[in-house]
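Chains as they are written, first to last, in the working numbering: chain E, 1 to 393; chain G, 1 to 83.
Treat the hints loosely; a few may be bogus.
Pairs of lysine-lysine residues, derived as DSS-like cross-links and limited to a Cα-Cα distance of at most 30 Å, are as follows [to be verified]:
#	chain 1	residue 1	chain 2	residue 2
1	E	K134	G	K10
2	G	K76	E	K174
3	E	K307	G	K76
4	E	K99	G	K76
5	E	K99	G	K10
6	E	K13	G	K76
7	E	K307	E	K353
8	E	K99	G	K7
9	E	K48	E	K106
10	E	K44	E	K182
11	E	K13	E	K325
12	E	K154	E	K182
13	E	K353	E	K325
14	E	K307	E	K174
15	E	K307	G	K9
16	E	K307	G	K10
17	G	K74	E	K106
18	G	K74	E	K99
19	G	K9	E	K174
20	E	K307	G	K5
21	E	K307	G	K74
22	E	K99	G	K5
23	E	K307	G	K7
24	E	K134	G	K9
25	E	K13	E	K2
26	G	K76	E	K106
27	G	K7	E	K2
28	E	K13	E	K307
Okay, the calculated beta carbon distance ranges per label pair [said to hold, decoys possible]:
#	chain 1	residue 1	chain 2	residue 2	range
29	G	E20	E	R17	46 to 56 Å
30	E	K174	G	E20	31 to 41 Å
31	E	Q274	G	N34	41 to 51 Å
32	E	I367	G	T17	41 to 51 Å
33	G	G31	E	P38	44 to 54 Å
In short, the hints are calculated from the structure, not lab data. Values in this document were obtained by computation on a predicted structure and should not be read as measured data. In this text, a Cβ means the ideal position worked out from N, Cα and C, and glycines have one as well.
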Amino acid sequence: MKIELNPQQKNAKATFRAFVDEQIVPYADQCDREERTPLNLIQKLAQKGYLSAVIPQESGGSGMDMITFGLLNEELGRGCSSLRSLLTVHSMVAHALLKWGSRFQKEYWIPKLASGEVIAAFALSEPNVGSDAKSVETTATFSGDSYILNGQKKWITYGQIADIFLVFANCEGKPSTFLVEKNTPGLTIAPISGMLGVRASMLAELHLDNCQIPQENLVCRQGFGFSHVAASALDYGRYSVAWGCVGIAQACLEACIKYTSQRKQFGVYLKEHQLIRQMISEAIANIKAARLLCYQAGYLKEIGDPKSIIETSIAKYFASTIVNKVANDAVQIHGGNGCSSEYPVQRYLRDAKIMEIIEGSTQIQQITIAEYGYQEYLFSAELTEISQQLVGT
Amino acid sequence: MEEVKAKIKKFLSRFFTGHEFQADEDIFALGFVNSMFAMQLVLFIEQEFQITIENEDLDFDNFRTINAMALLIKRKIPVVAGN
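Please take these sequences and the hints and turn them into a complete structure.
Structural data, given as structure tokens:
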């Protein structure tokens with residue numbers, strides 16, 4: 001076993017870090033306050049090939065390996081969770097099309113997604129449907145050579161600026177997935193504002209009112225929209241979010257290291273106080289543990305191992321919970337300054353909370369992980385054998 | 001084919017604890033098929049047999065029994081070898 005980035009991955013991480021420090025960090029608080037992401041920032045992501053991270057080079061993408069993709073998410077997450085969420089949803093749709101799209105969809109849309117000419121959004125959640133994603137109320141009916149979509153989608157990340165939406169609907173009892181272009185008659189896009197965190201991610205609500213789309217826009221076969229398209233895209237999303245959490249936590253840690261080295265109380269720097277050091281040490285250990293879980297998930301994803309799915313769930317669960325502890329402590333360490341918009345830690349804390357909700361809430365991950373535990377350990381023949389050996393020793 | 005079936009059976013046994021699978025048994029009828037299982041099954045087949053499950057392969061009948069999965073794999077392996 002060797003857990004070490006290869007030279008290319010180390011270089012990529014350094015490049016990502018420099019880009020984020022120069023191009024994103026100076027503007028992240030402003031984006032948060034204004035609840036919008038400037039188009040030029042998105043264009044910079046596209047120009048660097050970051051929006052095409054998961055798209056193979058032969059399709060015009062950057063073709064990053066899964067660890068490098070993870071590192072990109074960490075660094076973007078360290079700078080601005082909203083921009084990281086753009087990478088998340090854009091990559092989810094790209095992955096869904098690459099895996100389950102028709103030849104036409106791949107040939108037509110993937111190069112556009114790779115260049116950033118087209119921004120994609122993932123439209124699963126609805127006003128009445130969150131964790132119970134299989135129960136979507138949006139409907140699709142086949143009529144002539146078209147599908148007619150009706151329903152509402154909510155909390156759609158970057159829905160305000162997306163050019164295409166991957167929409168999940170119930171098609172005559174079969175969960176199905178469709179590509180809907182933003183200018184399709186019958187589609188209305190309403191901005192959502194005033195959110196707690198990830199405030200620059202330009203959320204939108206979609207209203208589909210007899211929205212007619214060509215039959216070629218069906219992605220994958222009818223009936224496999226949830227079990228295969230949504231599930232595999234969400235798996236990618238969880239991986240991206242897990243790394244994004246590591247990024248927020250790392251930003252918190254670096255802010256705390258700096259702050260406690262510059263501010264004095266009781267005549268000494270904050271870092272000299274043992275209770276401050278306790279919070280710093282917990283943050284360091286938790287961040288390293290979360291990052292290792294992400295590495296594990298990324299490695300398994302890279303080799304296509306079925307266990308990558310549960311390991312991604314575990315990584316997302318752990319990273320999204322520890323980032324809340326780390327961000328909460330970061331605000332605590334900063335005191336009154338931490339509650340002020342003059343310091344970014346309040347943004348980190350608000351963004352951290354969102355991470356526990358998106359791409360499967362903490363409670364949904366717990367259900368999944370516990371189910372895996374009972375499947376893997378309680379009835380495992382191998383474990384029984386090991387247990388017997390242990391009892392015998 | 002028997003080796004392929006044995007590998008599939010071993011994989012399935014992790015999810016259907018204590019159940020002795022028959023090659024023609026309908027796994028969907030057992031009532032334990034969720035999205036996580038479906039994804040893991042796709043990844044298992046792809047990784048174990050070095051094939052790619054594509055849009056056109058997604059037919060419930062291709063995954064209903066061990067025999068059906070083995071036939072799907074057999075159909076796809078020569079295509080890979082031909083490349």
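Original post:
If you check each hint against the structure, which ones fail?
Top reply: Those not satisfied are hints 6 and 32.
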